[in-house]
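Number of protein chains: 2
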Amino acid sequence: MRRLIYSAIVLALPASLLADPLPSWSDSSAKQQIIAFVDKVTTPGTDGYVTPTDRVAVFDNDGTLWAEQPVYFQFIYAMDELAELAKEDPSVLTTPTLEAAANGDTSTVLEGGEDALLEVVSATHSGVSVDAFQTSVAEWLHTKRHPDTGLPYDQMTYQPMIELLRYLRDEGFTTYIVSGGGLHFMRVFADEAYGIPPNQVLGTYADSTYEIVDGTPTIIKAPAIAFVDDKEGKPINIERTIGKRPIMAVGNSDGDFAMLEWTTAGDGPRLGVLIHHTDAEREWAYDRDSHIGRLVDGLDKGPDMGWVIVDMAKDWSRVFTGSN
Amino acid sequence: MRRLIYSAIVLALPASLLADPLPSWSDSSAKQQIIAFVDKVTTPGTDGYVTPTDRVAVFDNDGTLWAEQPVYFQFIYAMDELAELAKEDPSVLTTPTLEAAANGDTSTVLEGGEDALLEVVSATHSGVSVDAFQTSVAEWLHTKRHPDTGLPYDQMTYQPMIELLRYLRDEGFTTYIVSGGGLHFMRVFADEAYGIPPNQVLGTYADSTYEIVDGTPTIIKAPAIAFVDDKEGKPINIERTIGKRPIMAVGNSDGDFAMLEWTTAGDGPRLGVLIHHTDAEREWAYDRDSHIGRLVDGLDKGPDMGWVIVDMAKDWSRVFTGSN
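Chains as they are written, first to last, in this note's numbering: chain A, 845 to 1168; chain B, 845 to 1168.
Since the hints were made in silico from the structure, they are not lab data.
A few of these clues could be false.
Since the list gives no way to pick out one identical chain from another, each pair is judged satisfied if it fits inside one copy or across any two copies.
Subject to a maximum C-alpha distance of 20 Å in a straight line, what follows is the list of computed DMTMM-like cross-link-like pairs (lysine to aspartate or glutamate) [unchecked claim]:
#	residue 1	residue 2
1	LYS931	GLU983
2	LYS1075	ASP1133
3	LYS1088	ASP975
4	LYS1075	ASP1098
5	LYS1145	ASP1058
6	LYS1088	ASP1051
7	LYS884	ASP898
8	LYS931	ASP949
9	LYS1088	GLU1055
10	LYS884	ASP1111
11	LYS988	ASP998
12	LYS988	ASP898
13	LYS1088	GLU1015
All of these numbers come straight from a predicted model, not from anything done at the bench.
Generate the whole structure from the sequences, applying the supplied hints.
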């Protein structure tokens, strides 16, 4: 009988009280606000209740779900790939930017701004089938290591965010990536690393062509960028692809501002979260002056908009999935 | 005891034998091939077994899930909407094409080909928020009737296809629309009419802009077409949005050829289905010479590629959802 009563009590409690769903988060205000939000939208019969089909949560990737320093990992892949291509055929290095990239001279390429980055990415991400490209990325992920941490890149995902994604899905949310990173690049690891399947990965993409290659229908990546999934592009892509406004959005840079703004402007309970990179010891500390993941508007306006600003150094007891 | 044995036998039978999952389909070869395919991919432990996450089925909309004569219903909406706009402000009719459209002169507009159609659609589908556009379409669907059948347009869905969609989902498939029709237009009725939620509706779309209107973040439809989800665009959009190759594709015109070709070229069991409009009495009979839903390549090459050609007159015992 005691057992029966105990079971009844346990069943009546929110799942979040039974076991800590976010063990790598310090017991801070940020964690409490996230859990309070999830409890609110999942408790039937209350004003804040949201049906599971509307529990859509969107996450930026670079700097939000995994690291992005010293430069976006996709760009490191592009430089490595370009160096490989140049070994076989040096004539592919048709410009000073491409030469610098093949030599691993990141800072020279970065001086060229976004155009230079796109030039390098385009040179290595086009003229191949989607299948061949993704095989190449998978091979790179299996063999290369990050220059500073020595970790495989897909072990530089943030353990607190992996827990958050899992917690949300356990609570009936659908979790999406909405990133300025390349769609085809991210899909290679998103399912295994984050539990996010291909149709829930939104990103930047180039044109594709449909061609019959040696009798086989094939989808080929073309050079021209068709859509940049950043800034205002994020809410536009979410509306176009998911077809509804999320109730929760998580990012780390001003590239995520419009996504959080649109998400949290909706009716009913909404949650905007910004990951603030404050941890120079365990990760990197950067915000207003960074060439990657610049965060100004989010810090200036986010708190007034009710967004949760996560202080990585204080709010996370652990950072990378691949190390403690 | 007899009851127990009976239960065991019932459990061992494929679900399709317990009750007819496709009651509006005649007991023809087409129906048998569809059911045999579904049984094959859903029977564990066999060569043909496909895990539920890979059971992706894609459907064209116009002429496949609902009717498309005398002209695409979205175009009828555009003409009706243009006539309404012109009542308030005749100066919107800036070209002979727009004047013809506002007067309901379909044939004049059709003589102008695809450009004329796009001109009319663009004039009525842009400069408004997605929300306002979809409210307008919903109102139109609730009030207007098809000129020939007198049915509400969303009752001119094909009952056999509604059954097929439901049957596939019952068998663990995810069902998508992949249509040349407008994304925002279709999403207004797809969930209620077909059980297909917004994120599983792929279609043609225009550019969008993200703007703060009177303090409210708003997504506005722009005039320029950004992507035409037809012909080669279909496999490209499927790869981009769903991120995997379907195992089943259903269409009715040469605009669906590439989608069926790409789908059925994959490894393992695949099914391509073409709906052939052969029923001049209950619906419309058209194929090679039609200005809408033209079907030539599908009839010439489809059978050799193993595609199932559904003869509407013979294979369907009932046509529209809204009438017998």
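Comparing the hints with the structure gives:
1. In the homo-oligomer, the alpha carbons of LYS931 and GLU983 lie at most 20 Å apart inside one protomer (18 Å), although the nearest pairing across protomers, at 62 Å, exceeds that limit.
2. Within a single copy, LYS1075 and ASP1133 get their C-alpha atoms as close as 18 Å, which meets the 20 Å cut-off; across copies the closest is 46 Å, which misses it.
3. Taking the closest pair of Cα atoms, LYS1088 and ASP975 come within 20 Å of each other only across two copies (11 Å); inside a single copy the shortest separation is 30 Å, beyond that limit.
4. For a Cα distance limit of 20 Å, the shortest separation of LYS1075 from ASP1098 inside one copy, 7 Å, qualifies, whereas the shortest one across copies, 38 Å, does not.
5. Taking identical chains as interchangeable, the C-alpha atoms of LYS1145 and ASP1058 lie at most 20 Å apart only when they sit on different chains, with a minimum of 18 Å there against 55 Å within one chain.
6. With identical chains, the CA atoms of LYS1088 and ASP1051 are at most 20 Å apart between copies only, with a shortest distance of 17 Å across copies and 25 Å within one.
7. In this assembly of identical chains, the alpha carbons of LYS884 and ASP898 lie at most 20 Å apart only when taken from the same copy (14 Å versus 34 Å across copies).
8. For the homomeric pair LYS931 and ASP949, the shortest alpha-carbon distance inside one copy (16 Å) is at most 20 Å, but the shortest distance between copies (64 Å) is not.
9. Proximity of LYS1088 to GLU1055 under the C-alpha cut-off of 20 Å is restricted to the inter-copy arrangement: shortest distance 17 Å between copies versus 33 Å within a copy.
10. When the C-alpha separation of LYS884 and ASP1111 is checked against a cutoff of 20 Å, the pair qualifies only within one copy, where the shortest distance is 14 Å, while the shortest distance between copies is 46 Å.
11. Taking the shortest Cα distances, LYS988 and ASP998 sit within 20 Å of each other inside one copy (10 Å), while across copies they are farther apart (54 Å).
12. For a Cα distance limit of 20 Å, the shortest separation of LYS988 from ASP898 qualifies neither inside one copy, at 39 Å, nor across copies, at 30 Å.
13. In the homo-oligomer, the alpha carbons of LYS1088 and GLU1015 lie at most 20 Å apart inside one protomer (19 Å), although the nearest pairing across protomers, at 26 Å, exceeds that limit.
Against the hints set out earlier in the document, a violation occurs for number 12 only.
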